[in-house]
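Colleague: Here is how the chains run, residue by residue.
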Amino acid sequence: MGEVDKKEDARGKAGSIYRIAGPVVVAKGIAARMYDVVRVGKEKLMGEVIQITDDKTVIQVYEDTSGITPGEPVINTGQPLVVELGPGLLTSIYDGIQRPLPILKAAMGDFITRGVDAPGLSREKKWEFTPVVSRGDMVKQGDALGEVEETPGIMHKVLVPPGMSGKVAEISKGKFTVDNIICKLDDGSKISLMQKWPVRMPRPVNKKLSPVMPLLTGQRIFDALFPLAKGGVAAIPGPFGAGKTVTQQTLAKWSDADIIVYIGCGERGNEMTEVLTEFPHLTDPKSGNPLMNRTVLIANTSNMPVAAREASVYTGITIAEFYRDMGYSVALMADSTSRWAEAMREISSRLEEMPGEEGYPAYLSTRLAEFYERAGRAVPLGTVASNKKSEGSISVIGAVSPPGGDVSEPVSQATLRVAKVYWKLDARLAQRRHFPSINWLDSYSLYLRALEPWYAQNVAADWKEYVERMMRVLQEEEKLLEIVQLVGSDALPDREQLTLEIAKMIREFFLQQNAYHEVDTYSELKKTYMMMKIILLYGTLAQESLARKVPVRDIINIKAKQKIANARFEKGYEELLDSVEQEMRKEFEQLKGA
Amino acid sequence: MKEYKTITRIAGPLVFVKNTDPVAYADLVRIMLPDGRVKNGQVLDTSDDVVVVQVFEGTSGIDKETRVKFLGETIKLPVADDMLGRILNGAGKPIDGGPEIIPEKRLDIIGAAINPYARESPSDFIQTGISTIDATNTLVRGQKLPIFSGSGLPHNDIALQIARQAKVVGQQSKFVVIFAAMGITNEEAQYFIRDFEQTGALERSVVFLNLADDPAVERLITPRMALTAAEYFAYEKNAHVLVILTDMTSYCESLREIGAAREEVPGRRGYPGYMYTDLATIYERAGIIKGREGSITQIPILTMIGDDITHPIPDLTGYITEGQIVLSRELHRKNLYPPIDILPSLSRLMNLGIGKEKTREDHKQVSDQLYAFYAEGRDLRGLVAIVGEEALSERDRRLLKFAEEFEKRFVRQARNEDRSIQQTLDLAWDLLGTIPEHELTRVSNELKQRYYKPGRK
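Just so you know, the sequences run in chain order A and B. Residue numbering for the first sequence follows this note's numbering, beginning at 1 and increasing consecutively. Residue numbering for the second sequence follows this note's numbering, beginning at 1 and increasing consecutively.
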């Protein structure tokens, strides 16, 4: 009993610093719980409790610790690390612990120094709130109380926080800041536009569902060959220079999610700047609004404090969950999860924990799995829209940066165990400027079957057949290339030479996509379908002609082929491909057998 | 300020001091040996019980009688305009026989991270005059583009050629070169300095020298000194600064040495697990800040151990920098200068710096086409070795020839040959002219009409 009392006394009281080694600080004289947020030193640097031994508390500090001295005070806030959730998240750019970077710039100047607190959501900005419930209505946790138009076209639902329910005693309409009370329940609980949530705890849902529809990306290789389902998890491992970041950014631009959360975790500063300068000028192909309007950016670059990097992925996924609870489909890009794992390793080694594989902590795979498990398609806790059945989803696309591109390392392996889609980046393709440099033989999607009905219903009944035929050609090509390596391509029989030609068409006209070309950067499903169709039609006609003993050279030199090559750069692809089909059929008819 | 004579343990470059008053983390330390020598150090770990100090000049001669003084501040570099033209040691002290530098101000060498929101997206094309960089791996102002080399390859010549020739076409602006040597030989250092002197570059340069026989631990602060000077010139004196850091491999080895002395859990190949973060705090100091005139462009040089690009040093570097220029021993053996292998080389910021108003409208597509043909041509070399040239198709033979010509005419250039981007791109079209027009699948018809001229077969 005495023990407990002593702890109660110490909570909230100041302790002092005992030891400092880089981002790890040891304090004594505070009674903290695991993951409580503490304030370290005279400058009140933010930190989080990560280990407790006897009378000492180990803290990871989110800011630089140079110049801090043992003996300086440490104060326990008694609260875990939380994010602020409410209108104003979209279009924001945060550091790893949700401090808005523009505000830090205003307070600290161009460089990130320390000791500045900045709330995640602006306390000044007023939002127009329109209630959808009235006095006397019964509401339960997760129900929508009303709406705020957060950015043009995106309605932010104001939800009853988890754990609250009751009869609406008071509800307001009008302009409010995020901390104004807009609703009171009969039990006295007050609700504002903003709620806080601890980042390391998943937000609850009613139930999880299995994925049934694809997250369309406008990228032919993903949408056709290796689709990701809404609510699914994809891993993109690849060595440096293979195009991870370009792929992540392309997905952030074009995937058909309602909300995008983009986490730059321990990556390059200039890349985040690129996103920041580019996104406001790009328009969402669905809504026509600037892409930035649906995007939340979290930037903790590689030289920013390592502990905040560790926190950044949790900050990101909690924001994603919040929008899922409103019934939106959210896509979260984490670039790169390896940097997150390395942050864990760095902290772990400073704690002198027993290392697991390659120095990573033994709990690495558990942490990764826990994180990815927060993805999924789900029915939210409450009613967010009265007229339709609501469901939200979080799709997570995690980039992995394996050392030397070797995916047998622990982070890649732990990720692949939970990811159902594997997009393998290939440095050899990148060197040939084949982009996106996704290896079509090693990559896979375990959602192919689950998504079949959707494609059959929404695109064409023979979608699946085309996809399978295309994969067969590519696999056959691989085998033939091995033979070519030994005997040269002229030694192959005509039929096989044709296969190589068709495979080449698939690679160059279909799989390659130029992220920097105005039209080619986004390929809608219909275009993807028509291009598959025409390439395979060439294949069919070519094989028929070969059967009529037409020389291979004549088949290969058909003029219409060149037009197929250009189709991906054309806006009016439908007419173009239709006319190419006519021409091609005519040309083939005119080919004469030897 | 109190002095302590309470050293309890000395291990490698580390000194453990007990019974001190509270000492701040990362503070500067002065160590006074009984024989009168003075050394400098920095606090690596501090607690009520023991303070761990890393000694920059090495621990030789330190005994338990040695006095230790904590200076109550972090390491600072005195900076001034007068630094230009000076040669300093790895810790920032003049070694050229000239006068002390009268500091305008003293800056903390552990630079703070640039707020990503304050960064300006790099977009100015730097013409280096080297075709394989300008055309296919374009350098942009504010970029960090390392040279991945191997022992015995002419990376120094390339770095010098870049330093001499680099310019933003059509702009006259203040240009400063900061050169930081870490663990290179005296001979190499002389080579650099001689070249700087001959070309008159020295008067707009600051040279930091930590040579192979200088203390290894000092290497850990040399690049930070250099970058602090760079930041001063870029952000306070509005200069465009090019920073050359060589050799990052020696830097990383010092990092490993300290890690081992602290008995840390080692990561891959014994390098510390935080090497990525540590390197990032160096490389990420390149960039441009909104509203400021100057910029910092970095060219770190590293020698790949055993020419292995997957070794942790090039590997982690590649993950942080915006591309890499890779030198090839094979090309070097063919007596080709500069032996830049474009296939594994990359400039991530290239697309921001090229195109119609910056270089030329055809730049991107020409570059892609060169890559595609050269890659295919190189693959065919392997095939020829097995099946002989006769078994190749006509197209394959053309590509084989293309790869040959590409190396001879495009890659190869003299050490003082300064090609303009127009010359470089025209040369590329000359080479592309050896391939039939319809096979140029990476180039639009429009551009082909304008630039393609069929050449000799």
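By construction, these hints were calculated from the structure, which means they are not laboratory data. Keep in mind that a hint or two might mislead.
[Said to hold, decoys possible] Taking CB as the label site, the calculated pair distances span:
#	chain 1	residue 1	chain 2	residue 2	range
1	A	F569	B	R194	18 to 26 Å
2	B	P436	A	E570	22 to 30 Å
3	B	E439	A	L481	14 to 22 Å
4	B	A80	A	Y363	46 to 54 Å
5	A	G356	B	E394	54 to 62 Å
6	A	L416	B	R292	18 to 26 Å
7	B	E394	A	E468	32 to 40 Å
8	B	R292	A	K533	28 to 36 Å
Since the structure is predicted, the reported quantities are computational estimates derived from the model, not experimental observations. By construction, the Cβ of each residue, glycine as well, lies at the ideal position given by its N, Cα and C atoms.
Colleague: Determine which of the earlier numbered hints do not hold for this structure and return their numbers in increasing order.
Modeller: Structure breaks hints 1, 6 and 8.
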